[in-house]
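Trainee: The listed protein sequences correspond, in order, to chains A and B.
Read the first sequence against UniProt numbering and you will find it ends at 281, with the numbers running on by one and no gaps.
Read the second sequence against UniProt numbering and you will find it ends at 311, with the numbers running on by one and no gaps.
Be careful, since some hints might not be right.
As the list claims (entries may be wrong) - Cut-off 20 Å, straight-line C-alpha distance, at most; resulting in silico cross-link-like pairs (DMTMM-like, lysine to aspartate or glutamate): (1) A:Lys139 to B:Asp212; (2) A:Lys139 to B:Glu276; (3) A:Lys139 to A:Asp225; (4) A:Lys139 to B:Asp80.
Calculated from the structure, these hints are not laboratory results.
Listed here are the chains, written in short residue letters.
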Amino acid sequence: MIKRPKTNWMKISKLALLYLLLIGVACIFIGPFLWLLSTAFKSNSQDVFSFPPSFIPKPAVIDHFIEAWTAIPFPRYLLNSFLLIIIMVPAHIFLTALTAYPLARMNFPGRNFIFYAIIATMFLPEEGKLVPLYIIVEKLGLVDSWWGLILPGLVGGFSIFLMRQSYLAIPKEIEEAAIIDGCGPFRVWWSIILPLTRPTLAALSVFAFISVWNSFMWPLIILKDDSLFPISLGLAYLSGTFGTDVKTMAAGVVISLVPVIIFYIAMQRHFVSGLQGSIKG
Amino acid sequence: MAVHQVETNIHQKVKVSIKQKKKKKFNYVPYVFLLPAIVLLLVFEYLPTINAFYYSFTEYHILSPAEWTGLQNYKMMMEDEKFWIALGNSMKYFVITVPMLITLPLFLAILVNRTIKGITLFRVIYYLPVVTAMVAVAIVWKYLYHPTGLINAALHGMGWDHANINWLLNKKTALPAVSMLEAWKAAGFYMLIYLAGLQTVSKELIEAAKIDGASKVRILWHVYLPQLRPVFAVTVVMATLGTVQMFTSIYVMTGGGPLDSTMSLPLYIYQKAFVEFDMGYATAMGMVLWLILMVLTIINYKLSRGGQSIQ
């Protein structure tokens with residue numbers, strides 16, 4: 001009876017310490033974003049690099065958001081990124097699902113060879129092939145166009161591998177029943193098997209969304225016309241010219257981060273499941 | 001008995017007829033499924049890789065056709081001081097960033113591997129930098145590294161009075177500063193990998209160790225870590241590939257300066273190819289980078305494998 005309150009106290013203080021540690025670490029990860037947000041709202045009279053640093057904008061103004069939105073082609077960059085996502089994510093998912101299907105569910109000569117050849121592309125070096133890839137795209141006349149931006153990244157060994165794992169987990173009987181019912185192979189794939197892989201499709205879409213939104217090196221190489229720039233490239237371009245105007249730049253960065261953060265929070269459980277799926281696979 | 005035999009006979013006949021059908025008709029269906037991806041991979045993966053070998057032995061400026069020069073590019077590399085600086089820097093990034101990415105995320109994973117209220121929120125926050133664009137966070141961190149920016153202010157707060165370092169303009173601090181950003185951004189990713197690994201550790205072993213009276217540190221060292229070995233193999237390989245290929249953070253924060261002190265091999269390749277249009281030389285350096293990545297990966301793989309066989 002005497003012991004009980006003591007252990008409770010121990011437990012509570014231990015838990016409090018744990019939360020303190022968790023919050024402290026959280027500050028390291030979220031601090032830069034909070035600083036960014038407060039900077040974007042600070043008025044011109046408030047020093048961004050004051051000491052001691054202040055996180056509260058006094059007064060809070062939205063001038064810099066308006067400037068980022070009007071003075072520089074931010075809406076254009078944002079729209080481009082959205083369009084690229086609308087084109088690339090479904091195309092990537094469709095091709096991945098299409099390619100992985102026969103590799104998992106059909107028997108045909110050369111299947112293993114083709115599978116390993118696709119997996120091997122994961123180990124082909126990005127830097128080694130960067131210049132020759134540019135030359136090929138240039139010879140196809142696709143430099144400075146979205147075709148050149150989109151086509152090289154549409155299929156990847158890793159997604160095909162994950163998708164194949166997902167197909168392999170489906171029992172064979174489902175397909176056999178559909179074939180006996182007289183479904184053609186495309187019907188079987190599209191309306192019977194594909195819907196069963198929904199969790200993997202969701203995870204792949206989430207990763208594709210993030211990677212398209214954040215892609216930088218390839219757009220930097222392939223695009224010259226700034227009306228075609230996605231947001232990431234637009235930001236880097238602006239930080240070169242507008243870099244000294246910290247608050248407007250901060251507002252621009254905030255605008256670029258909002259869609260991805262909303263998407264991340266809405267979809268966060270798919271990140272974990274997708275990642276764990278990839279490790280088990 | 002008789003009925004049974006008839007039945008099996010029918011079965012055999014059906015089987016034979018299916019086989020004959022298969023032999024007669026070539027089944028083109030799988031290849032139709034595969035065709036688009038195969039075309040794309042041939043044109044945009046295999047062709048460039050094969051071309052890379054060829055171009056690395058040529059002098060090639062994009063406007064004039066490639067000219068065979070044998071080992072010229074590789075000889076030039078040996079004498080190119082900037083190449084060696086970039087290579088050395090890439091190794092420095094490797095030495096600084098990889099240990100951070102192997103240890104810190106494990107600490108984070110242990111911290112969030114429990115079922116208390118609100119733990120999902122903390123996981124979401126720790127993972128947040130991973131989903132944001134490197135360009136965006138590199139711009140933010142550039143401001144944080146300002147002489148009177150947040151990082152120096154935090155150091156002041158911890159009682160270091162001389163914290164007015166111009167992190168990104170100082171030859172000594174610029175490279176570690178960029179490495180810190182890389183580690184900060186990727187930590188959440190490796191945390192999730194470790195977390196998945198921690199959840200596979202056998203609960204019975206932990207219970208047994210507890211019953212034997214082992215301390216928490218000993219349980220971590222002797223129960224968790226050995227079972228996490230395959231996870232370590234994954235994180236080491238991924239962190240290695242990631243850091244040797246560092247590009248965007250450096251491009252945005254320092255552009256390779258001051259005085260090439262943050263120049264990485266990928267950034268140098270980019271500059272040679274797409275600023276100076278020296279395609280042949282850039283490709284040759286790309287081949288060297290590929291070779292380095294292969295060697296590092298094989299060493300890592302062998303090390304993790306070797307450890308397993310000892311167990």
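Trainee: Give a verdict on every hint.
Mentor: Structure-based check of each hint:
1. A:Lys139 to B:Asp212: 69 Å, violated
2. A:Lys139 to B:Glu276: Holds - the C-alpha atoms of B:Glu276 and A:Lys139 are around 19 Å apart, at most 20 Å.
3. A:Lys139 to A:Asp225: 18 Å, holds
4. A:Lys139 to B:Asp80: 30 Å, violated
When held up to the earlier numbered hints, the structure conflicts with 1 and 4 and fits the remainder.
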